[in-house]
Amino acid sequence: GAGVSQSPRYKVAKRGQDVALRCDPISGHVSLFWYQQALGQGPEFLTYFQNEAQLDKSGLPSDRFFAERPEGSVSTLKIQRTQQEDSAVYLCASSQEAGGNTEAFFGQGTRLTVV
Amino acid sequence: GDSVTQMEGPVTLSEEAFLTINCTYTATGYPSLFWYVQYPGEGLQLLLKATKADDKGSNKGFEATYRKETTSFHLEKGSVQVSDSAVYFCALSDTGRRALTFGSGTRLQVQP
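As you go down the protein sequences, you meet chains A and B in turn.
Per the numbering used here, the first sequence runs over residues 1 to 115.
Per the numbering used here, the second sequence runs over residues 1 to 112.
So here's chain B without its partners, still in its complex pose:
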């Protein structure tokens, strides 16, 4: 079945540091890939998505590229801010299936 594996947290960085959160996936079809973010006290929000191989999703300075050859969708940001502190979830939606399959989440803590 489908699965998503992402790096365990917490990830602790200083402000303006470079961020990478690794995500790899297993899917039977041709999935769409997503990053969702959960800020403290709030619901999950879509951060970015990519629907086919080599697509790059981007939003709020975050980027992720759909790499079919390595089955990966790593999240990156060049310069993190304290306000980026949250839990980040990688997810996929496989061909013909509407539900999302999530990874276990990675908590990011950015210190001033």
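Extracted from the complex, chain A is given alone in its bound form:
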């Protein structure tokens, strides 16, 4: 596609509900990142994939957060038993190469509100 696509754009979940957020990266991009952005803050790193391999998940805040990219393209971020502190915008980014200097292209994000 033309850019990174995320769905849904908005999600309201009741506390305790499981949610799944989808990211379609730019076709052919090797690297895929998930970030969490709280209101008024900068994005914070959650996890990184190189193709289908999850090479860094050091930013995942708890074991309720799980991400996968089984075929090296589309990725899903799953949050189990959502809590109010999970309310944030979840951003996905992809880049063409594996190096840290290459430009990352961001999606518009999914705004998650836990009530």
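For the record, the hints were derived by calculation from the structure and aren't laboratory data.
Idealized CB from N, CA, C, for every residue including glycine.
Check the hints yourself; a few may be wrong.
Okay, the calculated beta carbon distance ranges per label pair [to be verified]:
#1 B/THR26 x A/TYR10: 28 to 36 Å
#2 A/GLY16 x B/THR51: 41 to 49 Å
#3 A/ASN51 x B/ARG67: 42 to 50 Å
#4 A/GLY16 x B/THR26: 33 to 41 Å
#5 A/GLY16 x B/ALA17: 48 to 56 Å
Fit chain B to the supplied structure of chain A, relying on the hints for placement.
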């Protein structure tokens, strides 16, 4: 660990005014430095970058110089336009780490 500190906003300027948004960083290695911009209703976009000390990144009239001695990467523009109104994020990517570390963002409002 790595961190990025940028000036708090909002920054409100009149059209054609000079813009500076300060950014300083802490990193353990030799980071690459970036400025990203988020226009209303849009995703983050790379504005400019610099990969080593004394490099100057530039784009759309914006400039930033990688200053290792002061660990800074201040964003400047000589004459801002209303269309520059957005949130600006300073970020770094440290040696051997692919993820970005972001500052908290600075909202710029340019009035006609």
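Here is how each hint holds up against the structure:
1. B/THR26 x A/TYR10: 28 to 36 Å: holds, 35 Å
2. A/GLY16 x B/THR51: 41 to 49 Å: holds, 45 Å
3. A/ASN51 x B/ARG67: 42 to 50 Å: Since A/ASN51 and B/ARG67 have Cβ atoms about 36 Å apart, the given range 42 to 50 Å is violated.
4. A/GLY16 x B/THR26: 33 to 41 Å: Holds, since A/GLY16 and B/THR26 (Cβ atoms, about 38 Å apart) stay within the stated range.
5. A/GLY16 x B/ALA17: 48 to 56 Å: With Cβ atoms ~50 Å apart, the hint holds.
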